[in-house]
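Protein chains in written order, with my numbering: chain A, 1 to 53; chain X, 1 to 428.
Simulated from the structure, these hints should not be mistaken for laboratory data.
Hints should not be assumed to be uniformly reliable.
[Claimed, not checked] Each computed DMTMM-like pair below joins lysine to aspartate or glutamate, with the alpha-carbon atoms no more than 20 angstroms apart:
| hint | chain 1 | residue 1 | chain 2 | residue 2 |
| --- | --- | --- | --- | --- |
| 1 | X | Lys318 | X | Asp367 |
| 2 | X | Lys357 | X | Asp289 |
| 3 | X | Lys206 | A | Asp42 |
| 4 | X | Lys202 | A | Asp42 |
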Amino acid sequence: MIKSLTLFITSASHNPSVRTVALTLFYLAILLGLIVLYGRGDFSTPKFIYQGF
Amino acid sequence: MITPTVSLGTDAATAAVAPRAAVRGLTHLTALLLAVLVVGAGLVVFDRGAQQFAGDNLQRMVLANRGALHVRKDSSATLLREAFSRPDVLVLMGSSELNTVDYYRPGRFFASAPTGFMVFPLGHAGTDTLVMLEHIAAVASSVRGKKVAISVSAPWMFQRIVNPDQYHGNFYMENAAALVFSADFSMDLKRDAAQAMLDYPKTLEKNLPVQLGAQWLAAGDPLHLALYYLLFPLGQLQNVVFRLQDDWETMRWMRALRSPGHPEDAPSAPIDWSSEIAHGDRLARKRSDNNPYGIDNDAWRREYEKDTKLWHKQWTDKGFKEMVDQAQEWQNLDLLLRSLRELGAEPLVLNMPMPGKWWDGIGVTTDGRQYYYDKLQRLVAPYHVPLYQFQHYEYDNYFMHDPMAHLSEKGWAVYDQILDAFYHKRLP
Numbered sequence: 001m002i003k004s005l006t007l008f009i010t011s012a013s014h015n016p017s018v019r020t021v022a023l024t025l026f027y028l029a030i031l032l033g034l035i036v037l038y039g040r041g042d043f044s045t046p047k048f049i050y051q052g053f
Numbered sequence: 001m002i003t004p005t006v007s008l009g010t011d012a013a014t015a016a017v018a019p020r021a022a023v024r025g026l027t028h029l030t031a032l033l034l035a036v037l038v039v040g041a042g043l044v045v046f047d048r049g050a051q052q053f054a055g056d057n058l059q060r061m062v063l064a065n066r067g068a069l070h071v072r073k074d075s076s077a078t079l080l081r082e083a084f085s086r087p088d089v090l091v092l093m094g095s096s097e098l099n100t101v102d103y104y105r106p107g108r109f110f111a112s113a114p115t116g117f118m119v120f121p122l123g124h125a126g127t128d129t130l131v132m133l134e135h136i137a138a139v140a141s142s143v144r145g146k147k148v149a150i151s152v153s154a155p156w157m158f159q160r161i162v163n164p165d166q167y168h169g170n171f172y173m174e175n176a177a178a179l180v181f182s183a184d185f186s187m188d189l190k191r192d193a194a195q196a197m198l199d200y201p202k203t204l205e206k207n208l209p210v211q212l213g214a215q216w217l218a219a220g221d222p223l224h225l226a227l228y229y230l231l232f233p234l235g236q237l238q239n240v241v242f243r244l245q246d247d248w249e250t251m252r253w254m255r256a257l258r259s260p261g262h263p264e265d266a267p268s269a270p271i272d273w274s275s276e277i278a279h280g281d282r283l284a285r286k287r288s289d290n291n292p293y294g295i296d297n298d299a300w301r302r303e304y305e306k307d308t309k310l311w312h313k314q315w316t317d318k319g320f321k322e323m324v325d326q327a328q329e330w331q332n333l334d335l336l337l338r339s340l341r342e343l344g345a346e347p348l349v350l351n352m353p354m355p356g357k358w359w360d361g362i363g364v365t366t367d368g369r370q371y372y373y374d375k376l377q378r379l380v381a382p383y384h385v386p387l388y389q390f391q392h393y394e395y396d397n398y399f400m401h402d403p404m405a406h407l408s409e410k411g412w413a414v415y416d417q418i419l420d421a422f423y424h425k426r427l428p
């Protein structure tokens, strides 16, 4: 089964459409990963002394 | 039989490899572009969804907080954008007076839309006009043609410059970036705003594009303006990122809000304003009976009993007028009004009166105070927008919560009446 799977993947990888889809998913994962890692903003403000107005 | 062998030379080998490399490169590029398109489309859908979510939950948010100030609400351009977009919401920009007393605060009083609209109060302690301008810049396209009320605090207008700590505590980089790289305002306005922002250089240090953009805008010469224009696309791209981050944070915050109850003391239309103002007067009197000035009892004990003795006759009209003339806030208020004019917005300016009895006592008489009122009148006049200064309440001890720009319940009831008239186009 592993051999037939390997053969299938190898032959699929020669297919240009399959390669494009796989690469697209790869880049999509990178972009989504970047968004998850660095996408949160910082909306905090420093404390300050309230001067009455 | 001799089988001829053909061996490819170096050039021919390279020529055979080159097309395969080019094809692989093109495949990667295509895949990357497709991924970027998918992510871009997803983010557009997310932004629209966040805006929709904010709109669907705006009243729930107002009721949950009873219109109370919450820093996250104030920092959310997503919410403010939605508030301006809704025809049944009036945005009121101010500072600490928005949260000093509970009853008759507009956010609470209008929370159930008794006369057909809610008030979205924006600002908290230390929100000055430059901060307000930055808020407007972040949502400029939503402000076009809309009504907006501005509450002015007298103490801003007689200190030379707003305390940097106070400005820092109200500063949001998203809003500053939106102002510096705005496509909605004229270059003149942006240049003048950048000069004002550079009075607080520490706030811009954490973001190089905004810092450089502000500096180059403020410089104003052709070379620096050319550099600014080169930086502009990056600034706009950053603004998009800020917007999406804000969408996310706003949705997270709003989802965590508790379910509101209906306000038990909500007014019902038609509102009897005389009765409400009289009620506000009774509430104010009840909690300000330990001093002769009508100052809130706690505020008197905590601060003003000492200050009143300390400052007795220590000020003069001449000195006060000089302080008024030197205040930076006049330019910033002018910038705010210019920005609203450029957007075709309809502002209403509300100015709290200075309690006459107390200010007479420390040495600033009617003459000095009138100088301040006249200066504000002259600043607002060219914009042809309604200005209410409530000077006739100067000697009403119960209009103000304290001498420094905080309204009492009575003062807010009077303001609420004006806000209602403004919304319904029935200003006296």
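Okay, the hints, checked on the actual structure:
{"no.": "1", "hint": "Lys318(X) - Asp367(X)", "verdict": "holds, 9 angstroms"}
{"no.": "2", "hint": "Lys357(X) - Asp289(X)", "verdict": "holds, 15 angstroms"}
{"no.": "3", "hint": "Lys206(X) - Asp42(A)", "verdict": "holds, 11 angstroms"}
{"no.": "4", "hint": "Lys202(X) - Asp42(A)", "verdict": "holds, 16 angstroms"}
Violated hints are absent here; each numbered hint is respected by the structure.
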